[in-house]
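Please model the complete structure; the sequences and the hints are all you need to start from.
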Amino acid sequence: MNPLLRYIQGYPEHILTPVTQMIESGRFTTWFEKRYPTNHDIKSEKALFEYTMAIKNRYMKKTAPLSKVIYDSKIHLINNALGLHTYVAKVHGGKIKSKNEIRIASIFKNAPEPLLRMLVVHELAHIKEKEHDKAFYQLCCHMEPDYHQLELDARLFMIYQEINKKK
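Following our numbering, the numbering of the sequence shown begins with 2 at its first residue and continues without gaps.
Please keep in mind that the hints were generated in silico from the structure rather than gathered at the bench.
These numbers were taken from a predicted model, which means no experiment stands behind them.
Glycine included, every Cβ here is placed at the ideal spot set by N, Cα and C.
Hints are not guaranteed to be accurate.
What follows is a set of in silico ranges between Cβ atoms, one per label pair, in the way DEER data are often shown [said to hold, decoys possible]:
id	residue 1	residue 2	range
1	I108	P38	17 to 23 Å
2	L6	M54	31 to 37 Å
3	Y60	M2	34 to 40 Å
4	P146	Y12	37 to 43 Å
5	K75	D147	26 to 32 Å
6	K166	Y12	19 to 25 Å
7	E34	Q10	37 to 43 Å
This is how it looks when you write it as structure tokens:
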């Protein structure tokens, strides 16, 4: 198996076959760039926090607050994750202070905006739904109707990045 396909491992054959054919024929990069001609301009962590809060305030006003949203260069190295949500609870005196943090793989600093949005939606959904179950995906689709397609496209973006790294 082509090592690039590890990002879409587990997808059905009707998705794997055309992607494999495009990679082998050298058409994948052109196809991806036509599909996503521009990247977002959310480069700073302040801009990323504001972007995330706008989505959170639109769809999840009553959930726990976010204390931090950052790009993290170490994420991709951990379990091939694209983003992480962490919840930290600390006892201060007699009170419990909790913090929700979202970390987005820094490779998505230079990605198409819909793919960044999908990752932010995914991590925001974890504030309310901890497991990747039906309720979790329903919440993701509520915030982003094209969630499932964008999740696949984010994996295709990883393939695109690796192909371009070799050039």
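Quick rundown of the hints versus the structure:
no., hint, in the structure
1, I108 with P38: 17 to 23 Å, "holds (19 Å)"
2, L6 with M54: 31 to 37 Å, "holds (36 Å)"
3, Y60 with M2: 34 to 40 Å, "holds (38 Å)"
4, P146 with Y12: 37 to 43 Å, "violated (20 Å)"
5, K75 with D147: 26 to 32 Å, "holds (29 Å)"
6, K166 with Y12: 19 to 25 Å, "holds (22 Å)"
7, E34 with Q10: 37 to 43 Å, "violated (24 Å)"
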